[in-house]
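> Residue-level listing of the chains:
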Amino acid sequence: MTATVKNLAARMEALIGAHRVVGAVEELEAYEVDGLVPGAVVLPANAAEVAEVVRFAAAEKLAVIASGSRSKLEIGMPPSRYDIALDTTGMRGIAHYDAGDLTLSVDAGMGVRQLEMALAEKQQFLPLAVPCFESATVAGTIASGIDSALRQQYGTARDFLIGAEFVDGKGNLCKSGGRVVKNVTGYDLHKLLIGSLGTLGVITRLNFRTFPVPAMYGGHLASFASGESAIAYRQTIEASGLPVANLEMLNPEITKIVGAILKKEDGPVPECLDGQGWCVYVSYEGNESVVKRVARDLERLATEAGAKTSEAAKIATDTQVGGVLREAFEWLRWAAPMVGLFRITLPRASWGDIAELSRSAEGLPLRGSLLLRAAGAIYFAMMAGSENEATQAALDGAASRVFSFVEARQGHATLLHAPLASKARGNVWGQCADMMMMRRVKQAFDPQNIFAPGRFVGGI
Amino acid sequence: MLSQKEDLLLYEYDGSVEKACPELVVFPHTTEHVSRIVKMAAKYQVPIVGRGAGTGLSGGALARGGGVMLVFARMNKILELDVENRRAVVQPGVVNMDITRAVEHAGLHFAPDPSSQKACTIGGNVAENAGGPHTLAYGVTVNHVTALEMVLPDGEIVRVGSRHGDATGYDLCGLFVGSEGTLALVTEITVKLSRKAEAVKTLLAIFDAVDDASQTVVEITARGITPAACEMVDGWTLRTIEDYIHAGFPRDSAAVLLLEVEGLREAVEVQAKAIDEVCKGHRAREVRVARDERERDLLWKGRKNAFGALGRVAPCNYVLDGVIPRSKLPQALQHIQEIGRKYGFSIGNIFHAGDGNLHPIVLYDPRDPKQFEKAIAASEEIIRYCVELGGALTGEHGVGMEKNELMTLMFSDADFDLMRRVHDAFNPDSSLNPGKIFPLSKGCGEIRVKGKETAGVGR
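Protein chains in written order, with our numbering: chain A, 1390 to 1849; chain B, 128 to 586.
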């Protein structure tokens, strides 16, 4: 242990107690972010302790990265500095739950799975169907900006996050929003925290509106010979106005992966996931008559669209298609020895070009896996059987073509996962036109630049 | 441009009880005009405030610091309708309803529907993050805005957000929508267009006791029935409306609930039946279902034109905008009536019950200064009570210059310190819409924003 590390850990111990500080080198490594290891790890028990640590860090200009279960810490650029890891998993209570109002206030480190179980007792849920569901915390989910598979029906976190408490860069405990479902009092600062990768503040508590658990669920799979016909079918579903909770389109490569995962989990492998065609998966929910009607209409639409096969799909558990697709971000990262994983948004009018996007790995030593999620969110992975100079160079070239492809269509792309060397060489963030505005927000929240420096867009 | 006293007086008011007179009113036609006017105002250190149709209910579009008022009435063009991507790009002076009118042929609509939607402008909706009856299902303005072009107080033209959503970086659209014109002047807005539902059913539930109606709302919410709108009108208010509009609200009832369910035919049938059961379980005298579009329109006409009707019975009405947890609705309504009795006012209630967004209406005569003071005191007591219940100062009307002194009920010095830093990041001299949102009162020196608010002429 170096003198600096020992010193930092000791000072943290003086601040919030020895039992809340980790200083052993081997344990520090678990908090590594893109190759950087912190000098100390703190596990505050409450918001006041978070504020203590942040005030200390601000005074000493030490860099703080807050984390929950650390499942998505590689999103963003490598940090420029990293002194203190602030682990929020010591704060995991439900602060307030008014089931009759469908509102909830929950501590940062609460797991999304534990929260799901607590809400289920009141037949309610939070539509955060996010990857790493078993381990992910609510604050990590919000700060990472990761998609929920249910966004088609329930929107993104900005549509149901109604307030937050967080510690700003001066070490003050602040709040915005409230605990009611409709509220325009003051600036909506909590919206800025979504997807901010911890660069604005340390989230200590989040307020959400909750939703009633639907009476029934249903799922449907259809497989097509070409990407074009799968997209056409998808667009027909959207045009029909049928209420769908999730809508995913898989290219043949990704159907193979999903099929293999289901097989490994001893779950049923639907015929549509044979790895031969493009597949469209739909989940839907509602009362019995709604679920029956949607199932009937989807069957008809699939037939009219020329589906090779179509079938009902079970969706409820993690060993079934819906649960596996929710985890796509997680397994795509590890689906091959080398993976570059993009998250892309394209305007509806450009979805016809998606088959072309999926071919952008062709001719290279890379395989392309593409998943078009609800509301135009695309996960596109380029994979290689080994990591070497040639495959890395191919990935770097393909990545810059993906960025150009997306920007030419007024979309957005972020490279969520790539070999560290590729990340360091390039830029994981796509174009961001309003950097001057972003910097002003960052400066207001974190005047000493102590929160996760360098990880966000434009070097923030 | 207007500069004569008698012309300026027209811009002294909005829909609130506040007043403040600008020294100059200008009507820009383009974003460049806005930028040049703002630069000139900055040069002479004159405050600026933006204004749409002036239907706001919190004094947000009043020139509290005097100076120049930019009225966006001439920037009223729909610049682009993109049906395929379900987007519209509009100037701030476009009337809310006109967006829906322009796209309904394609089965689309702009979802936020404030009661004033036939007059209010989208720029004002963005500034205040306006709601409306159907926000229960669709969300408020911020949920339907994806990109903004704005002019900062130094005249710079900037763009935030992204037309198709999921913009890279911080959610700046989420910050600027609802910032009440205190950070920037919005000059172009990209909005989402929503699909019209396959089926709609509008129900009118009639009650002999207010408490039965509010208990019904509590149960509808708790049972997870999700109507697209759930509005309550109390007996006193509905009689006033009937005198004016003849919407068919029974004059002898104590309260009605106006409920709407939307979605697939199958969902609508089941939800309407569930609502009918809950209403009858709480002693509803009758639950009517609008038989056709005409009956439906008439019921909504009664709801949306209520404020015009109320203007006929008292010289002035003061519309409040508190929010409470929906589980506490019955006790809140009882307490509001007690406050009314204490101060000697009639207080009507017509509000978004499904959201817990109360609009108590205090009727008073503004020519009697004592009555005005008492009306303000009663209103403050109601709002304080909403916050005590775990609620909020404002659900959709904004803080403006009406509730800025009450902000300390909800926010700490640390909260204000951060809000002020965000304010100063874009509007460092408070030249833009001074005297709004932040409390100005003595003893709160730490939370003041810099600049010109002392020139305020508010109450």
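Source of the hints: derived by calculation from the structure; they are not laboratory data.
One or more of the hints may lead you astray.
Said to hold, decoys possible - Per the computed footprint, the stretches of chain B lying under chain A, defined by three or more beta-carbons under 8 Å from a beta-carbon of chain A, are:
1. 255-264
2. 312-322
3. 394-400
Claimed, not checked - Restraint-style ranges between C-beta atoms, simulated for each label pair:
4. A/1544 to B/375: 27 to 37 Å
5. A/1434 to B/492: 54 to 64 Å
6. B/204 to A/1695: 19 to 29 Å
The beta carbon of each residue, even a glycine, is placed where N, CA and C say it ideally should be.
> The structure should be examined with respect to each hint, and the outcome stated for every one.
How the hints compare with the structure:
| no. | hint | result |
| --- | --- | --- |
| 1 | 255-264 | holds (count 4) |
| 2 | 312-322 | violated (count 1) |
| 3 | 394-400 | holds (count 3) |
| 4 | A/1544 to B/375: 27 to 37 Å | 35 Å, holds |
| 5 | A/1434 to B/492: 54 to 64 Å | 57 Å, holds |
| 6 | B/204 to A/1695: 19 to 29 Å | 43 Å, violated |
Checked against the numbered hints above, the structure breaks hints 2 and 6 and satisfies the rest.
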